[in-house]
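Sequence lines, in order, name chains P and W.
My numbering puts the first residue of the first sequence at 26, with every later residue one more than the last.
My numbering puts the first residue of the second sequence at 10, with every later residue one more than the last.
Certain hints may be false.
What the hints assert, rightly or not - Below, in silico cross-link-like pairs of lysine-lysine (DSSO-like), each with a Cα-Cα straight-line distance of 30 Å or less:
#1 P/K46 <-> P/K199
#2 W/K380 <-> W/K336
#3 P/K203 <-> P/K133
#4 P/K133 <-> P/K199
#5 W/K336 <-> P/K203
#6 P/K199 <-> P/K210
#7 P/K203 <-> W/K380
#8 P/K210 <-> P/K46
#9 P/K133 <-> P/K46
#10 P/K210 <-> P/K133
#11 W/K336 <-> P/K133
#12 P/K133 <-> W/K380
#13 W/K336 <-> P/K199
#14 W/K380 <-> P/K199
Keep in mind that the hints were calculated from the coordinates and are not lab data.
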Amino acid sequence: MTEPIRVVVVDDHAIFRSGLKADLDERIEVVAEAATVEQAIAAIHEQRPAVVLLDVHLPGGRGGGGAEVVAGCAALLGETKFLALSVSDSAEDVVTVIRAGARGYVTKTVSGAEISDAVQRVAGGDAAFSPRLAGFVLDAFGTAAVANVDDELDKLSARELEVMRLIARGYQYKEVAKELFISIKTVETHVSSVLRKLQLSSRHELTRWAVDRRIL
Amino acid sequence: MREPLIRSTEDRIIAGVCAGLSRHLNVSVGIVRVGMVALALAGGAGVLLYIWLWLLVPTAADEALAAERAFNPRDIAENFARGFGASGAFRDGTEQAGTPPLRPVSQPLPQPGTPAPNVEGTGTRRLLQRGGKEILIGAALVLAGGAVVAQIAGINLPWGTWLPVLAIAAGAVIAWMQLDDSRRSGLMDRAGATGAQGAVRLLAGLVLVVAGIVTMVSGSITWEAMWPTLFASLAVLAGVLLVLAPWVLKYWRDLETERSGRIRETERAEIAAHLHDSVLQTLALIQNRAGSEQDVTRLARAQERELREWLYRDKRQEEGNLVDRVKAVAAEIEDAYGHPVDVVAVGDAEMSDRHEVLVHATREAVQNAAKHAGGSISVYVECTPGRSEVFVRDRGPGFELASVPPDRMGVRESLIGRMERHGGQARIRNTGSGTEVHLSLEHPQEGTAS
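Please work from the sequences and hints to get the whole structure.
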């Protein structure tokens, strides 16, 4: 915990970038900023940061915004984690960037401390879920699902459902852990596994849910 | 004032020229028609005049379309005034920030394009309904009958010449009617709905005209000479088409570009009007109230919510369903107390009397949280078939139900009592870092709308 986490901030609004920089705590060091898709991809390749704070809507590129940046840095996904940051609530935006490879999603209105926590979590290889993202997951995977071996990717386990529900209800990770009498590490494992399912699942229902919302 | 010269779409036999002319000249239709027929008999002058007027005089629908084209989407103020009656209240009010911006959502801007197509579409249909077709057929039969009578009476009609001429005229009329119709609705609209009908009409017209011409010509040349001639004319026609095709294509593309440009303009105008009504007003208000942090936050939240609703509204989500109602409740309390209330919803349910109770209880719970806890409040709604649940969580100091004095009616009566009376459940618990109210309602027979 001595080394600060190296972060690249990608957002097309200079005001927001400087505000965010001021809000992030001392555990985090902003090494570069970018305002467009091209700038972002260049800066990430040059700096190799641990975490990229990525706005979902970005100018430039082929119009793909944040998802395009993630796709453009696919080779670095092992060492660089992406945390999506957006004012948008729409399922399209959120799920698109998550499925592109982002490790989490937070809304821009949350406090600097919360964003710092999320950065920390993502840098540690875990996933950062906001209540709304948990809501989307529950909406997409259904609320009554228990995995058996065959559709392991396509449904959430009972425990994962519980964790998602609590996050959707506004619980933080440590509160979830306390509520379910498990360790924070276990909560993080569950959330990461949900994220993996969200990214990899090609389940019929998920596809249909996405098509309904013009995501895929 | 004299009526403008416009072809009538209602009272017409062929193209509404006579009716339009009569209205313009303020003379009875009958007189105009008789005059037209008389002129037609005088060496065909009437026919020429009629065709000329048909081509040059617009219909009422054409006029409407032209007026619509003249509609300038950039003139927001005027269009805006058209769309909204009074918007002054918002400017004076300070506490109403939440309510007026909601108006455009529930009451979308009237789209300038919508009324016109209705008018256009009914023209032909109305003619058909009034038996215009029968009248046309009747007129043709009367003419034919007259001709036969004349033949019997001994007047020798040159059938060989007249029949082809009639065929050509009929074909041209059919084809022109088609053009007339389609031109009115901008050529493109009909492609989907009545395209097949239009093609049939065009084909019928073409066949009639070609057959007429061939018959006419075959009178003067032998059949043997006919085929090479036909071939040669076809070749010439193909050549002309080849030359004209690029022009037609270009014209077509221009038309399309113009149309899509117009649609974009309209959309842009709608967005501009919306932003003007909500965002700009709120920004002005925020500048006025810059001194009060709470007011500014409240205004910003209300505006954010409204804009979000407008931009990201889930299209599948029905208005007036449970989630919608809970969101409305959350918005109301957020406005009243200035604490952010975030709603996350999974699924949705149609409203029933018992859901109404659930919404009331939710309001009570959110209000308690805003009053006693403050800070941000999370509301989570989950609807599965047969069950609706609402969680309201705050991060306040928390309270124990046991410690609430029995005379305090709020929680006990309006939350627990009310839910239980309607077969639901309300549980309040202290999570250690705030209070969570859990409301649930089982409704085995009712389906969900998710």
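Here is what the structure says about each hint:
1. P/K46 <-> P/K199: Measuring from Cα to Cα gives roughly 26 Å; hence the hint holds.
2. W/K380 <-> W/K336: Distance of about 18 Å is within 30 Å: holds.
3. P/K203 <-> P/K133: holds (27 Å)
4. P/K133 <-> P/K199: holds (22 Å)
5. W/K336 <-> P/K203: holds (29 Å)
6. P/K199 <-> P/K210: Cα-Cα ~9 Å, so holds.
7. P/K203 <-> W/K380: holds (27 Å)
8. P/K210 <-> P/K46: Roughly 28 Å between the alpha carbons, so the hint for P/K210 and P/K46 holds.
9. P/K133 <-> P/K46: holds (13 Å)
10. P/K210 <-> P/K133: holds (26 Å)
11. W/K336 <-> P/K133: At roughly 20 Å apart (the allowed maximum being 30 Å), P/K133 and W/K336 satisfy the hint.
12. P/K133 <-> W/K380: Cα-Cα ~26 Å, so holds.
13. W/K336 <-> P/K199: It holds: about 27 Å lies between the C-alpha atoms, which stays within 30 Å.
14. W/K380 <-> P/K199: Measuring from Cα to Cα gives roughly 26 Å; hence the hint holds.
Violation of the numbered hints given earlier is absent; every hint is satisfied by the structure.
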